[in-house]
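Top to bottom, those sequences are chains A and B. In terms of the UniProt record's numbering, the first sequence has 6 at position 6, counting the first letter as 1, and numbering is strictly consecutive. In terms of the UniProt record's numbering, the second sequence has 123 at position 123, counting the first letter as 1, and numbering is strictly consecutive.
No false leads were mixed into what you were given.
Identical copies go unnamed one by one, so any copy, or any two together, can satisfy a pair.
With a straight-line Cα cutoff of 30 Å, these simulated DSS-like cross-link-like pairs (lysine-lysine) come out:
1. LYS181 with LYS61
2. LYS191 with LYS181
3. LYS45 with LYS61
No wet-lab data here; the hints were simulated from the structure. Everything numeric in this text was worked out from a predicted model, so none of it was measured.
Protein chains: 2
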Amino acid sequence: MSVAPSRRRTQVDRSAETRMILIGAAIELLHTVGFAGTTTALIAKRAGVTTGALHHHFSTKDELMFGVLDHASERMRDRLEAEEHLSPDGVLHISDLVQHLWQVYGDPEYWAIWEIIIGTRSDGVLHPRVVTHRLDTMRTVLHPWLERHTSENDARPDIVAIFEFMLIAIRGLSLERFLDKDEAYFERNLKILAELVGQRLETLAQHDFSR
Amino acid sequence: MSVAPSRRRTQVDRSAETRMILIGAAIELLHTVGFAGTTTALIAKRAGVTTGALHHHFSTKDELMFGVLDHASERMRDRLEAEEHLSPDGVLHISDLVQHLWQVYGDPEYWAIWEIIIGTRSDGVLHPRVVTHRLDTMRTVLHPWLERHTSENDARPDIVAIFEFMLIAIRGLSLERFLDKDEAYFERNLKILAELVGQRLETLAQHDFSR
DNA sequence: TTTCATACATATCGATTAGTATGTAAATTT
DNA sequence: AAATTTACATACTAATCGATATGTATGAAA
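Turn these sequences into a full structure, and let the hints guide you.
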């Protein structure tokens, strides 16, 4: 009651708000019931509006899905950029990095993106657009981040490759969520990932004369 | 014409044959159009029969899906047991093992199982049964295989844990298929996986007094 | 304050879904 | 070979999908 939204809102505010509520509802549904289960009726119900409102803001369901891709990608970028994984001394510990990546790319919210990628695979029109969107995101988000976190004189290609592998492993781990694994299972495998990568990076550093 | 099937077949033969054709068609569709896209009409069409025949052999679609789980699990076990990954001298090379696991668990056919796991996630009745089926399979297939390939006096728990991690990574890698990555991408990451694990296992062996 | 555009709701559409009812042909039993 | 069961096909049903058509309420412009 104290922070009740002003009763009289401008049109653009209402639109933006409703659009975000719809996108948020779609994201939730994508990772709870999957792409096929995320129907327009369910999205509208979850958003507290009708399908009429949904189709007013997103003329087609595909359009809404791209809204989800845009929003989720942006949120993931923000969370990736939040560099709370750096310890106070500025040193990057592998175990912290793994935890950070897990929090970002192991998050159920991120899975919504993959639901769209996988769910549209046989759609000749939609899938190529989804894949392109994905490539763009990786290029504008991940690569700059990588260049900022690896020095020029590193064995950078190797390190970048290992980083890509880390994301792959984390994605594979997130699949296990669907098998109702407990938290210890995830922590154990994250620890293994950190150990494997840490050991490898040490070796790479030893062979790198610039150090 | 030479090996044309005998025109007059027994009922059980006809049944078994049609059931297998249906299951095969379902598996193909599961990894090409996904769980939701695998409709009874499509399955029947692909199998060259009608939906009437489908429902005669599998009274419900769920039943057919469990037929898929049974068959695919069995096939994966056979392929896992085919120990062509052992080099002639009997020594197990990590890179060969990784390739072997990739051929089995990175195969599109195997993804059909995961389509069912993920696709049924919000089905309160079906999903628990699917998860149970999965656990049974892992227990009766993977664990015996692991015990056969690790010696008692090894640091077995560590090795088993690393093995589980390998499967997770391979699963994550197989997801990238949906992004139209080229073959080099997969090979590069399989090589990284083999390097990481190989290096780790060497360290474990050094600390193991039994060697 | 009147006019108009925007933001929604309601009602309904054709298409598609899993499943059923019923018919016919093939195989087995008697 | 007649009777019966099994293996399918055809036709249909209720439910649900994304989408549209049309109405009403709300905010912006005049």
